[in-house]
Amino acid sequence: MYPPVFDYVRAGSIEEALDLVNERGGKFLAGGHSLLPVMKMRLADPGLLVDIGRVDGLRGISRKGEYYTVGALTTHAEVAAVDDGGFPAALLEAAGMIGDPQVRNRGTVGGNVAHADPASDLPPVFAALGATMVVASNRGKGRGAMQTREIAATEFFTGLFETALADDELLVSVNVSAEGPGVGSAYAKLYNKASRYAAVGVCARLAVGADGACTSCTVAVGGLVPNATVLTDVGAGMLGRPVDSQTIAAAARVAAAAELDVMSDIHASARYRRQMLPVFVARALTSAGERSHLGASGPDTGASR
Amino acid sequence: MSTYIGKSMKRVEDPRFVQGKGRYVANLALPGMIHVAVKRSPFAHARIASIDGSAAEALDGVIAVYTGQDLLDSGVGSLPCGFTPPGIKTPPHHPLAVDKVRHVGDGVAVVVAEDPYVAEDAVDLIRVDYEPLAAVVDARKAMDDGAPLVHDDVEQNLSFHWPLGDADATAHAIESADHVVQLEFSNQRLIPNAMEPRACAAQWDGSTESMTVWTTSQNPHTIRLLLGAFTLGIPEHKLRVISPDVGGGFGSKIFHYAEEVIVPWVARAVGRPAKWVASRSEAFITDAHGRDHVTRAELAVTQDGTFTGLRVTTWANMGAYLSTFAPLIPTALYITLLSGLYKIPAIFGEAYGTMTNTVPVDAYRGAGRPEASYLVETLVDLAARDLGMDPIELRRKNLIAADEFPYQTPVALAYDSGDYQRLFDKAEELSEYGRLRRQQEEARAAGRLVGIGFSGCIEASGPAPSAVAVGLGAAIGLYESGVVRVHPTGKVVVLTGSHSHGQGHETTFAQIVADELGVPIDDVEVVHGDTDRTPYGVGTYGSRSAAIGGSALVKSAEKIRAKLTELAAHLVEASVEDMVYDRETGTISVQGSPETALGFAQLAFALTTADNLPEGMEPGLEATSFYDPANFTFPCSAHVAQVEIDRDTGEVTVVSYAAVDDVGNVVNPMIVEGQILGGIAQGVGQALWEHGMYDDSGQLLAGSMMDYAMPRADGFPPIAVDRIETPSPHNPLGIKGAGEMGTIAGTATISSAVLDALAPLGIRYLEMPLTAEKIHDAIVAATEGGGA
Chain L
1 MYPPVFDYVR AGSIEEALDL VNERGGKFLA GGHSLLPVMK MRLADPGLLV DIGRVDGLRG
61 ISRKGEYYTV GALTTHAEVA AVDDGGFPAA LLEAAGMIGD PQVRNRGTVG GNVAHADPAS
121 DLPPVFAALG ATMVVASNRG KGRGAMQTRE IAATEFFTGL FETALADDEL LVSVNVSAEG
181 PGVGSAYAKL YNKASRYAAV GVCARLAVGA DGACTSCTVA VGGLVPNATV LTDVGAGMLG
241 RPVDSQTIAA AARVAAAAEL DVMSDIHASA RYRRQMLPVF VARALTSAGE RSHLGASGPD
301 TGASR
Chain V
1001 MSTYIGKSMK RVEDPRFVQG KGRYVANLAL PGMIHVAVKR SPFAHARIAS IDGSAAEALD
1061 GVIAVYTGQD LLDSGVGSLP CGFTPPGIKT PPHHPLAVDK VRHVGDGVAV VVAEDPYVAE
1121 DAVDLIRVDY EPLAAVVDAR KAMDDGAPLV HDDVEQNLSF HWPLGDADAT AHAIESADHV
1181 VQLEFSNQRL IPNAMEPRAC AAQWDGSTES MTVWTTSQNP HTIRLLLGAF TLGIPEHKLR
1241 VISPDVGGGF GSKIFHYAEE VIVPWVARAV GRPAKWVASR SEAFITDAHG RDHVTRAELA
1301 VTQDGTFTGL RVTTWANMGA YLSTFAPLIP TALYITLLSG LYKIPAIFGE AYGTMTNTVP
1361 VDAYRGAGRP EASYLVETLV DLAARDLGMD PIELRRKNLI AADEFPYQTP VALAYDSGDY
1421 QRLFDKAEEL SEYGRLRRQQ EEARAAGRLV GIGFSGCIEA SGPAPSAVAV GLGAAIGLYE
1481 SGVVRVHPTG KVVVLTGSHS HGQGHETTFA QIVADELGVP IDDVEVVHGD TDRTPYGVGT
1541 YGSRSAAIGG SALVKSAEKI RAKLTELAAH LVEASVEDMV YDRETGTISV QGSPETALGF
1601 AQLAFALTTA DNLPEGMEPG LEATSFYDPA NFTFPCSAHV AQVEIDRDTG EVTVVSYAAV
1661 DDVGNVVNPM IVEGQILGGI AQGVGQALWE HGMYDDSGQL LAGSMMDYAM PRADGFPPIA
1721 VDRIETPSPH NPLGIKGAGE MGTIAGTATI SSAVLDALAP LGIRYLEMPL TAEKIHDAIV
1781 AATEGGGA
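Protein chains in written order, with our numbering: chain L, 1 to 305; chain V, 1001 to 1788.
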């Protein structure tokens, strides 16, 4: 497993990284857990790797008011270890279900979402959480400068391994809303037993009012479709209803009927994935519902797989 | 009496392994070393119209490009098959394909370059013009009329047909039976995936015209023999083969592989040391695979549950070429084990070995015996269900009794020893079988799919008595060598023909020799894996090392003790018969006169000064033995597992697992427990996850870790391990061998548990691997059909 010849430059700043890729082409290298394997299998030949691994300010999680900012270089293990009541439970849970400890210790949030593997766990989570991707470029600013723009997660994942990120842009962080009392989120996943990616991955985020009725709900799926997709009808069907087993069963039925381009492979046929969709929608909604009643105490399971 | 045998000594190998100080072939760096990469076929079956290496040769850093024709023209021979029963067709297997390619991964050319990166780049520049041909991948369909022929001169793709047993008596038993359990199924292909990929390096010494080959082999002497006599054409006395630290084999590193011919050939052609290291992707398409049977079986039983006959027909997939021991696996290691732990008066089994456009299939941990035990145990479970009997009670009714050993089965083998009822007792006790069944009743009442699996498995280990092995078709005897060399100061070096690639021989063999001689274990060094240091040996597979290799060392230690005893008698002027060798202290004294004691090192030194030896005694202290076993040994097991199936998804969770094994006497319980646990993991891997799946065109669909589901630690509960010991009478240590029992039992046990969980739904049988989708489909079909 030897990759084709490539140049390697370690960038000292976001601006330098942007300049290098703009002027010389190539790809940004973060944890290398998606890019390096495809290079070694000679499925990618970027010519230049711009290593952003030591750029200041891209790593770590901080809270600003109602938002958490997750730096692009934050590892999955760091996300899974967050100990802060308001941090989105589904993100905490999903990060702990990625790969294995070695992968979680090296793989990064930014690399994961920029690679946009259809079976990846984080894309449906960010889509359901209404996250915003912050991307930098030096468009119109020239060398040594940069500007940022924001892309909604629901707009970010555009296709199989495709995102709204342009070649001259670098993902710098993801912003997600904090979860307070009455809000719950959860991620449920059918594992591909070989790769540990999701054959079906479902994230649900919902809020309930004082009367117990659902006031907002977003359900997004990954794994079975080319890119993370929000099941609009499923979320809409929950509104105004109590988050109980009947409501969730109804939502699962809506999910089962969703028009989706469901993928098939040796691990799970399209038929089986379709059958599993309502199961995991129900599981994610049930868990999110339980967490909304618990307030912001976070998930009780899920970080050990 | 023993100081070390029976103790869980920490492995002396481990400090270097856990500190990254292991010395593997891939670590070898010699001055001027060049790197070999192989161009491999993307087609399962195609004629090679032309090969153009010019663009590759033109790349900076490329030294040469060679094709199969270059090797053939220089006299390189075909990779031989070492097990050839009568009538077998053994098609040629060139190290690089010449006329056509026969499986995805078949080598067609090699690049030799200054570094491995350039070599890989150049491989992409070789242009091969293929004319694709229709492929065949299924062992049984390979014999169909009109199936593509993998080798033109192997009609019907049939390499061999191997029948064993009394066909008429078995047919009569089945025709006259109260009840016959029938089953047709495939035992899926597995891909071994040892942690260390294969590698080979070689250095040619032009001054002495001798070659040194470093290779990831379980049996370096066998590789030297085959290189010398068949493939490379360098005489054996000019060949040295070294297998240094090897990171796991599980059978896949027994065989003589093409790269072991190519790399030394290149080293000599170019005149520089050469190296090739497989990538994981290459491992998937070049390491011999395992299992892959299609089988039809019938078990005859009386109404009261007595087995009366078993008839089995198996189509065994050999792949594109016959790997070194491939035909042995579905024959003498499979059909012969069909009696299981039971008295079955009539058995007939036959195997058709067929050629297909897939990676060659050969021994993989268990090798034939897991297939046999899975088959027998699955049929027995079905019989129990059909007869409404508890599966353990049905088994107990048919077990060979403890006083019936040696027990001659109807399929050639004579079992050595055992106490199967006691084995079962202990398994029921360890697993709390009664409690498990009560829990299951409660769970079923609550609508949960909880299953309890049980298996009683048999293995023939410690291959093999040479006369038997050669009589069955083996090309070599299967004894083992062992040298005990005592240095002047009493320090001991042990040379063994066995090879350790994870088994811990450096520890266990030192335990054996230290006890035999009465010396501290730290005074014993074990050397293996170098044909220039150790005498000709057979190597490590078939759970044979402790039983055969260990016994050779016992024989040599006996010779050392005898010589020292004679010397001591001479020095104290007593008669040999009056001397006592104290194996705890390593001293020899006149019986009842401890003041006459002479120490081990003292006596060893006396043989070095050699000035006062008995009449006729030679100086020096060294003994060599070649131990040929009297029979196979027969380890056995009783395992119990509890699983729960998620009704909504079909996913299986292993809830509990209890393993009781009889591997005879045990040298190091910790190491044996590790063997059992690792074996179970691999066995469960077959039951639930692993599948070396091909599509109809011969593309390997599970060709990477992204697609081939290996067992992982989090798929297992804590496993309870216990054992009984019925020593084998066939070797001086009473050892039966522990390397494969877990794998054999793990597969049968978990399959049994899953099918038990699904039984209330009316689901009778599902093939392995028991994936979530397969189980879910069955649940849906059963419940929609009104089954539950």
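Derived by calculation from the structure, the hints in this document are not laboratory data.
On a predicted model such as this, the values are computed, not experimentally measured, just so you know.
Quick reminder that beta carbons are idealized off the backbone N, C-alpha and C, glycines included.
Just to be clear, a hint being listed does not mean it is correct.
Simulated DEER-style distance windows between Cβ atoms [said to hold, decoys possible]:
(1) L/ARG42 / V/THR1783: 43 to 51 Å
(2) L/ASP233 / V/THR1783: 25 to 33 Å
(3) L/ARG42 / V/GLU1393: 54 to 62 Å
(4) L/ARG271 / V/GLY1032: 53 to 61 Å
(5) L/TYR8 / V/SER1210: 41 to 49 Å
(6) V/GLY1447 / L/ALA213: 29 to 37 Å
(7) L/GLU162 / V/SER1078: 48 to 56 Å
(8) L/ASP233 / V/GLU1393: 51 to 59 Å
(9) L/ARG271 / V/VAL1470: 15 to 23 Å
(10) V/VAL1780 / L/GLU162: 31 to 39 Å
Status of each hint after checking the structure:
1. L/ARG42 / V/THR1783: 43 to 51 Å: Taking Cβ atoms as reference, L/ARG42 and V/THR1783 lie about 47 Å apart, which means the hint holds.
2. L/ASP233 / V/THR1783: 25 to 33 Å: At roughly 28 Å between Cβ atoms, V/THR1783 and L/ASP233 fall inside 25 to 33 Å, so the hint holds.
3. L/ARG42 / V/GLU1393: 54 to 62 Å: 58 Å, holds
4. L/ARG271 / V/GLY1032: 53 to 61 Å: 58 Å, holds
5. L/TYR8 / V/SER1210: 41 to 49 Å: Given a distance of about 42 Å, which is inside 41 to 49 Å, the answer is holds.
6. V/GLY1447 / L/ALA213: 29 to 37 Å: 31 Å Cβ-Cβ, so the 29 to 37 Å window holds.
7. L/GLU162 / V/SER1078: 48 to 56 Å: 50 Å, holds
8. L/ASP233 / V/GLU1393: 51 to 59 Å: For L/ASP233 and V/GLU1393 the Cβ distance comes to about 55 Å; the hint holds.
9. L/ARG271 / V/VAL1470: 15 to 23 Å: Because 53 Å falls outside the window, the suggested range is violated.
10. V/VAL1780 / L/GLU162: 31 to 39 Å: Hint holds: Cβ distance 34 Å, inside 31 to 39 Å.
Violated hints amount to a single one, hint 9; each of the other numbered hints is respected by the structure.
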